[in-house]
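Colleague: So the sequences go chain by chain: X and Y. Heads up: the first sequence begins at 143 in my numbering, then just goes up one per residue. Heads up: the second sequence begins at 801 in my numbering, then just goes up one per residue.
Warning: the hint list may mix true and false statements.
[Stated by the list, open to error] Some but not every residue of chain X turned toward chain Y, in silico, with C-beta under 7 Å:
no., residue
1, ASP162
2, TYR164
3, LEU167
4, ASP198
5, SER199
6, ALA227
7, THR231
8, VAL233
9, GLU234
10, GLY236
[Stated by the list, open to error] Pulled from the structure, derived: some chain Y residues nowhere near chain X, Cβ distances all over 12 Å:
no., residue
11, ASN821
12, THR823
13, GLU831
14, LEU832
15, GLY842
16, ILE847
17, GLY852
18, THR861
19, GLY866
20, THR882
21, GLN903
22, SER904
23, THR905
24, LYS908
25, THR915
[To be verified] One side of the interface only, derived from the structure: several residues of chain X facing chain Y at Cβ under 7 Å:
no., residue
26, VAL194
27, ILE196
28, LEU235
Derived by calculation from the structure, the hints in this document are not laboratory data. Note that the coordinates shown come from a computational prediction; the quantities given were computed from them, not determined experimentally. Just so it is clear, CB atoms sit at the ideal spot from N, CA and C, and this is done for glycine as well.
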Amino acid sequence: MDKIPILKIGHFLMVAIQVDLYDRLALNLEADLVQAVSKTGAKGVLIDISSVSIVDSFMGRILGNIAGMSKVLDADTVIVGMQPAVAITLVELGLPLRGVQTALNVEKGMELLQKKIKIIDEEEAFDDDSTLQ
Amino acid sequence: MVVFRNRLKEFAIKIGMGLVNQTKLITAASELSRNMLRYAGGGVVLIEIINGQRQNGLRLTFTDTGPGIPDIKEAMKDGYSTGKSLGLGLPGAKRLVSDFEIQSTVGKGTTITITKWKNG
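Generate the whole structure from the sequences, applying the supplied hints.
Modeller: Right, dumping it as structure tokens:
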């Protein structure tokens with residue numbers, strides 16, 4: 143059985159989808175990722191789909207599910223590296239990818255997630271200050 | 801599904817279809833074949849290379865002997881689904897191809913024919 147590896151990098155989880163997903167593999171990824179977020183307490187999930195040539199409504203739903211479930215577990219999801227042809231197709235298909243953030247590439251996606259964490263850290267630091275006074 | 805998509809891609813490359821149109825066609829075909837698997841328990845897809853007046857294209861015919869669609873007009877609306885999906889399959893697929901024809905008889909099955917021109 144194929145499995146898509148989930149890597150932990152600092153506060154984030156990273157997944158690079160290198161194959162065209164069949165349905166079972168996509169469903170397994172969804173379950174594994176949500177498990178991993180819960181287990182590691184990750185604050186962000188980065189999914190690289192630069193090697194994925196087809197995103198249909200099923201795959202789109204899985205991506206939306208991952209983002210939604212992770213959000214409930216306090217982690218943000220960023221999808222990176224979407225091929226231009228896939229973006230054109232998704233819009234014409236009418237798939238909104240609601241609640242899913244996107245970035246051009248892994249680097250920009252990381253920056254986006256790091257900014258979010260920073261904001262959270264600063265807020266927490268601020269809260270600590272106020273309790274001291 | 802993956803095998804079928806790869807096969808379709810070979811045909812699309814053979815007639816020199818551009819990447820965007822390839823992606824649109826394969827995505828549409830993916831939606832329709834998923835419908836067949838989910839609602840009709842499978843079916844047959846015929847892939848044909850067709851010669852138009854100005855350009856070549858691919859025509860796919862999806863035939864199943866499933867329950868059929870009682871109200872095609874309703875099924876072609878965005879967001880309509882009898883299953884748990886997003887209800888984008890049929891209307892979305894139609895938007896992605898050059899020509900879309902659907903025939904369905906309740907109790908007998910459904911035939912959907914889509915055509916995608918090389919440059920259109």
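Colleague: With reference to the structure, classify each hint as holding or not holding.
Modeller: A quick look at each hint next to the structure:
At a threshold of 7 Å, the smallest CB-CB gap from ASP162 (chain X) to chain Y is about 6 Å, leaving the interface hint in force. A distance limit of 7 Å between C-beta atoms decides the matter here; for TYR164 (chain X) the minimum to chain Y is near 5 Å, and the interface restraint holds. Annotation: LEU167 (chain X) was flagged as interfacial toward chain Y, and the flag is violated, the nearest CB pair being 9 Å apart, outside 7 Å. Checking ASP198 (chain X) against chain Y: minimum C-beta separation of about 4 Å stays under 7 Å; hint holds.
Interface restraint check for SER199 (chain X): the shortest CB-CB distance to chain Y comes to about 5 Å, inside 7 Å, so the restraint holds. Given hint, ALA227 (chain X) at the interface with chain Y, holds; its Cβ is 4 Å from that chain's nearest Cβ, closer than 7 Å. Hint status for THR231 (chain X): holds, given a least beta-carbon distance of 5 Å to chain Y, under 7 Å. Residue-level restraint check for VAL233 (chain X) is violated (minimum Cβ-Cβ distance to chain Y is 10 Å; threshold 7 Å).
Because the closest C-beta pair between GLU234 (chain X) and chain Y is about 5 Å apart, less than 7 Å, the hint holds. Against a cut-off of 7 Å between C-beta atoms, the interface hint on GLY236 (chain X) holds, since the closest Cβ of chain Y lies about 5 Å away. ASN821 (chain Y), annotated as away from the interface, has a beta carbon of chain X within 12 Å; the closest lies near 9 Å. At roughly 4 Å from the closest C-beta of chain X, the C-beta of THR823 (chain Y) falls inside 12 Å, breaking its exclusion from the interface.
At the 12 Å boundary, the C-beta of GLU831 (chain Y) falls inside the reach of chain X, the nearest C-beta of that chain being 6 Å off. Residue-level check failed: LEU832 (chain Y) sits 10 Å from the nearest beta carbon of chain X, not beyond 12 Å. Distance to chain X confirms GLY842 (chain Y) as a non-interface residue, since its nearest Cβ pair spans about 14 Å, more than 12 Å. In this structure ILE847 (chain Y) is separated from chain X by more than 12 Å, as the shortest Cβ-Cβ distance comes to about 16 Å.
Every Cβ of chain X is farther than 12 Å from the Cβ of GLY852 (chain Y); the closest lies at roughly 21 Å, confirming the non-interface assignment. Remark: the non-interface label on THR861 (chain Y) is consistent with the geometry, its nearest Cβ contact in chain X lying 19 Å away (cut-off 12 Å). Non-interface call for GLY866 (chain Y) relative to chain X: holds, since the shortest CB-CB distance, roughly 18 Å, exceeds 12 Å. With a cut of 12 Å on Cβ distances, THR882 (chain Y) stays outside the contact zone with chain X, its closest approach being about 15 Å.
At the 12 Å boundary, the C-beta of GLN903 (chain Y) stays outside the reach of chain X, the nearest C-beta of that chain being 23 Å off. No Cβ of chain X comes within 12 Å of the Cβ of SER904 (chain Y); the nearest lies about 20 Å off, and the non-interface call holds. Listed as outside the interface, THR905 (chain Y) is consistent with that label: its C-beta sits roughly 25 Å from the nearest C-beta of chain X, beyond the 12 Å cut-off. Distance check for LYS908 (chain Y) against chain X: the nearest CB is about 26 Å away, which clears 12 Å, and the non-interface claim stands.
Even its closest Cβ contact with chain X, about 16 Å, leaves THR915 (chain Y) beyond 12 Å, as expected for a residue assigned away from the interface. The interface hint given for VAL194 (chain X) is broken, as the beta carbon of that residue sits about 11 Å from the closest beta carbon of chain Y, more than 7 Å. For ILE196 (chain X), the shortest C-beta to C-beta distance to chain Y is roughly 5 Å, which falls under 7 Å, so the interface hint holds. With 7 Å as the threshold, the beta carbon of LEU235 (chain X) comes within range of chain Y, its nearest partner Cβ sitting at about 4 Å, so the hint holds.
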